[in-house]
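**Student:** One letter stands for each residue in the lines below.
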Amino acid sequence: MAGGVLALSFGVLAREAGFSALGALVMSAIVFAGSAQFAAISIIAAGGGIGAAIGAAALMNSRFLPMGIALAPSLSGSALRRAAQGQSVVDASWALANQGEGRFDRHFLFGASAVQYVTWLGGTAAGAFGGSALGDPRTLGLDAIFPAFFVSLLLPELRDARSRGVALAGALIALALVPVAPAGVPVLAASAAALVGLKRQHAQRTAA
Amino acid sequence: MSAELWALIAGCAVVTFAIKAAGPVALGGRDLPPRFAGVIAIMAPALLAALIVTQALADGERLHVGADTAGVTAAGIVVWRGGSVLPAVSLAVVVTAGLRALG
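One line per chain: the protein sequences are A and B, in this order.
Each residue of the first sequence is one higher than the one before, counting from 1 in this note's numbering.
Each residue of the second sequence is one higher than the one before, counting from 1 in this note's numbering.
One thing to keep in mind: the hints can contain errors.
[Unchecked claim] Quick look at which bits of chain A chain B covers, simulated, 3 or more residues with Cβ under 8 Å:
id : stretch
1  : 133–141
2  : 149–156
3  : 171–179
[Stated by the list, open to error] In silico negatives: residues of chain A with every beta carbon more than 10 Å from chain B:
id : residue
4  : Glu-16
5  : Ala-39
6  : Ala-40
7  : Phe-64
8  : Ser-93
9  : Asn-98
10 : Asp-105
11 : His-107
12 : Ala-112
13 : Tyr-117
14 : Thr-119
15 : Ala-126
16 : Ala-167
Read the hints as simulated data drawn from the structure, not as lab findings.
All figures in this text were calculated on a predicted structure; none of them were measured in a lab.
We put the beta carbon where it would ideally sit given N, CA and C, even for glycine.
In isolation and in its complexed conformation, chain A is listed as follows:
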């Protein structure tokens, strides 16, 4: 349900950012990573370049690296087959398929992700093709959807003092750069705040 609404808003806002309806649908079909898609088109909508947009999408997706590594022992078959199976990793289904102690129910993962994929594509199509019937996205307040969604992803991440410090530093770096740097660069530069993670700490969290 929430995924469908977010997909719908992605479709609407992608059109606003200059995408064709087909383009928005193709992006959802072949990228299938909500927060990365949101990050990329946020930067395009703000006037940023495609390099910055792809960079932000890649950084946003970096969390899939440890998630994929955790999943790896539960997959089987050739390298190509495992690469394909790894594409099914999305936050919610990965978390639900986690059985603890490093084991994952891969069939549950594939099934849960397939459902999300259909919802994601259907919502994007509805927003991209039908969104113009809604009227001006700004009048409707739809431009608040992405940042509000990002807030709902961020707050649960702020469990410890280090995450809070990193989030604050990232926000300050971005705000300081907004008036002077090209759009997109402030977000990329904010990722430097994560370099504090190079410092060891006692309890490592596995996945973001």
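Given the coordinates of chain A, assemble chain B onto it according to the supplied hints.
**Tutor:** Positioned in the frame of chain A, the structure of chain B alone reads:
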């Protein structure tokens, strides 16, 4: 739609595929170096915070507090108090649109 945006879509698809494939293909059963894992673990808070402030507190290249700032703050309060994504995002939209309608 411009060729640049198609290139953006292709670029995002390639990096997403590569990142998702890397673990299962290359690093199966092995752990990331702890320092590298430490950086990735806190990448999300840094990026999310930056995305939020550049959208809710800025308008293009200037800092700007507006109706959307209030809407996003309202969403933050909902999530902070244990609410889920959908009510939070819905409230953000309603507050933002409402304030704009009041002008």
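**Student:** With reference to the structure, classify each hint as holding or not holding.
**Tutor:** Hints, verified against the model:
no.	hint	in the structure
1	133–141	holds (count 4)
2	149–156	holds (count 8)
3	171–179	holds (count 6)
4	Glu-16	13 Å, holds
5	Ala-39	6 Å, violated
6	Ala-40	6 Å, violated
7	Phe-64	5 Å, violated
8	Ser-93	13 Å, holds
9	Asn-98	14 Å, holds
10	Asp-105	15 Å, holds
11	His-107	15 Å, holds
12	Ala-112	15 Å, holds
13	Tyr-117	13 Å, holds
14	Thr-119	13 Å, holds
15	Ala-126	16 Å, holds
16	Ala-167	4 Å, violated
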